[in-house]
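> Starting from the known structure of chain Y, arrange chain A on it as the hints suggest.
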Amino acid sequence: MTPEPVVVTGVGLVNPLGNSASEVFSRLRRGDLAGKRPERFDSTGFSCHVCAQVEGFDPEALLGDAKTLRLMNHDAAYAVAAARLALRDANVLIGRDYPPEQTALYGATGLAGIAIQEVSPLIRYSADDNGVFDARIFGRAALNKVRPTLSFKILSNMPICFISIFENIQGPNAVYNPWEGQGSEAILAGMRSLQSGKAKCALVGGCDVKAHELAFVSLQQQGIFRSFETSGKGCIPGEGGAFLFLELESGARARGAKIYACLSGFASATSLPTGSFDTFRTLTAKALENVAESAVQTIISSQDGNPLFENLEEAALANFPTANRVFPKKQFGNLFAAASPAQLAVGAMIVYSDGGPALVNSFGYGSQQTAFLLTPAERSTQINGNTTNAEPLGRTTLVNIVQEIPEVPEVPEVLEVPEVPDVPEVPNMPRRVVVTGLGIVSPVGKGFPEFWRNLLAGRSGTGRISLFDASGLLVSIGGEVKNFDSVKIRKIFPAAKAERDRKILLGLAAAGEALLDAGLDSPAERMKLAHTAVHVGVSLEVFFLEDVTPLARTGLEKGAIARHLLADPTRPSLQTPLDRLAELIGDYFGFFGTRSTNCSACAAGAMAVGEAFWEIRDGRCDLALAGAADSILNPLGMGGFTLLRALTMTADDPKSACRPFDASRDGTVLGEGGAFLVLESLDHAISRRAKIYAEVLGYGSSLDAFRVSDPEPSGRGAVLSMRNALADSGLSPSAIDCVNAHGTGTPKNDAVETHAIKEVLGAHAREIPVHAVKSMTGHMIAASGAAEALTAALTLYARKVPPTINLTTPDPDCDLDYVSSGARPFNGSTVLSNSFAFGGQNATLIFGRYKQGDRP
Amino acid sequence: MNDQEIFQKLQCVIRNVLGVKLEQITLNSILVKDLGAESIDLLDLSFLIEDEFKISIEHNEFEKEVKTRIPGGEFEKEGSLTPAALEELKKALPEVDRSRLVPGFRKAEIPSLLTVSVFVRLIRRKLEQGKQAS
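Chains Y and A, in that order, are what the protein sequence lines are. Residue numbering for the first sequence follows our numbering, beginning at 333 and increasing consecutively. Residue numbering for the second sequence follows our numbering, beginning at 39 and increasing consecutively.
One chain only, chain Y, in its complex shape:
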């Protein structure tokens, strides 16, 4: 069955060529160029000397709410403004035209782009007299000089969370990071949420800030500017936000919306690190489906000035001699995480004004590449709620007419349209998905057998921080991965030999174990798996203060940071892009399917597993490696969380400091680690005789749309997340036999979660075990959702529920059975696992005991 067409009905742009879509469009048509010498910093010393800045942007005029705006970094303000403009353009108010719960929100954010003056106290007051970074000085002198709101500007999921708050969007969601391909991922995820019936409308897009000194440093260090050195040409780094409002065509027609275009085709793939002609050519061909190349009127080119992309794309487009070319990136700059939605928005406006199909290419840095096909929607006039259609164009549009107005004479022709063999067959029955490999490094054990033994024994993994001298911080305890052999990991993965970011090494260790456990460690086995998807969750970037503290003595005047950092080209990067782990895993193991990097903070791990599950269930791939890694046990990470007062300060006995559901709980304890699961379709697992731990039965997500720092007090978001997962699994609430709680040990979370569990499961909530892994591991942030998914699979496989430790004083607000007196046998057949993130993103997974024959 062909899914109902998805249409674009609103576009919102904040962009170097203008702060509205119409202004950008008319200036694009005029041929304006936004690139120029930067005003905010001195670009001498960089290989690229121009950038494209957003100008005359006044978010307060558009959004009001000065209180919330002050928490936002530029990228968030761009995102929120672009989202508001897209909704306004679509003439949509969430809550009036569509239910908040059925509105999806998928977005991409870029490398954390913070302005130097905001972090300068951290640089100035963290060093000893010789300019050498000292964690104790940092804790005592620097931290109290930065506003606590700084943390919200660095967390990668915040721009999207702010949109949910401003627009009251509560439905399915995720945030991806950091390059262009992840912006495409957001568009595709939104489209799928409509076609699968998870949402009735979707806001999709991205935001990025690259017209800043620190961003330039990162781009230079990431090699993005290399083409300037070899050819004198390259990209123009830009900034801005781009969002599109998507609806099912029937919904758009029913409310008489202006339809820019139908999102009629797409193709996405992972290419070699440099991009490749074959990938581009295949994608453009696949995106077209059965539209002839000659029918394409316009190509929204992906070229950004870098000759490499130019040559590859030109070769791939040899079959489109007559199509007009548009080069938005050469005019308004490369917007990176916002590039793909900006390209699509331009394409939608062109299709609407010129009437012909357009191919939108989004080939860029990072390995995910995508091409979209936009076709014109027939213009309609509303007459008494009925739709009169002009001559239709494009296949998907025709199919929709069949559904709506059966007497239209085109019907026979439509039925004769041949099936395109390349489109994967969507099976009638959803495919079953099973867990066949596990890998984890955690504060309570390295390797899942040790992890599981210690969990069952109720051993805490938290203690005094030993990774650095944390004595100057307000909090000096955490859950560290003990005796982690990073030397060995660097040897196994040579591409990571200079890697400084600890979460990447932890993630590689966990991913390696999961593949080994699944019997996929040998190259011969992996050869069969070229289309394996990789879904990785991470939270925020590590920023190596020690690289810049020598400037504490010499000053931070314009250009000083760049001169210092770029003097030695072999110096490791100040920032590690968040997709680095997915890239290392994918390239090393040879996985060239989807490569998604989910940065939805504490929900990222659960979302990565959930989205991999959907990808397999929908028949888009057979096997996926899904999980997450995180470590913010470094001065800046721990310092940031202490600024937010989310951590417990009672640390007399570190092992009992994390006290989920206990009346005396007063904050969580940070942990770290990596956890990965191998997921595959049941048929695939059986055909290769894989060991099956559990079956994945359901996934759901939601947004609190409340506040960035506090959970919604009624637990609305948590309830919706659990209900979405239940609906996805087809199970009734009474079929849930165990809850693996988010259970962080903060006063608010545990009470709200308890309330939400009771709301969803009713009286049944009191009859089943509810346990908190974090009581032992601490909060592994992005990795926690993956570690808890792994725990849920083991709970079903080993038939035991791990305990919640440190629960000694009952709290009247937390009145469920939390398994506080030690592990116990478990004969149930399902486990529901919750993950709730800072910013209000929620995710729930449901696992079942695998049985041959019927699902549980």
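None of these hints come from the bench; they were simulated from the model. Possibly wrong hints are sitting among the right ones.
Derived lysine-lysine pairs resembling DSBU-like cross-links, with alpha carbons at most 35 Å apart [unchecked claim]:
1. A:105 - Y:477
2. Y:1080 - A:164
3. Y:1132 - A:115
4. A:92 - Y:890
5. A:47 - Y:890
6. A:71 - Y:477
7. Y:1090 - Y:1080
8. Y:662 - A:128
9. A:115 - A:59
10. Y:987 - A:128
11. A:115 - Y:1080
12. A:105 - Y:1080
13. Y:368 - A:71
14. A:145 - Y:399
15. A:47 - Y:987
16. A:128 - Y:399
17. A:47 - Y:829
18. Y:565 - A:128
19. A:47 - Y:1080
20. Y:399 - A:92
21. A:47 - Y:477
22. Y:662 - Y:368
23. Y:477 - A:59
24. A:71 - Y:1090
25. Y:890 - Y:662
26. Y:1080 - Y:1132
27. Y:477 - Y:590
28. A:115 - A:47
29. Y:987 - A:105
30. A:145 - Y:987
31. A:169 - Y:1080
32. A:145 - A:129
33. Y:1090 - A:145
34. A:47 - Y:399
35. Y:814 - A:92
36. Y:1080 - A:59
37. Y:987 - A:59
38. A:71 - Y:1080
39. Y:477 - A:129
The structure presented is a predicted model; accordingly, all values stated were derived computationally and were not measured.
Same frame as chain Y, but now just chain A:
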């Protein structure tokens, strides 16, 4: 600096953080309930007050104050403040709504009690302590 001057300066800080109008901010305004402050806003406010008045406000300032008033005594029991701690909290925060300070009150609820006048008095005390110290 007298209380009126402190209040006027504080009003500006609160306006900048919470985005409310000056005239909405009175001595009796409860920051959370009346002025819409969230937990992050209280932290930010505390930071900006320190910066504006060149004083230092401790984390859990009022909890610590109560604890010093009941040396050796128990502050919390089963997640709620003990009767002794509640009595001392009433003395430490005479400006707040006493009807909320009943058995079952938790320390996490303290920030939700705070009024503008609590901060005026706190700032004055810190400024005086600063003077004495120097």
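> Kindly indicate which numbered hints from before are broken by the structure, ordering the numbers from low to high.
8, 9, 13, 15, 17, 18, 27, 28, 31, 35, 37
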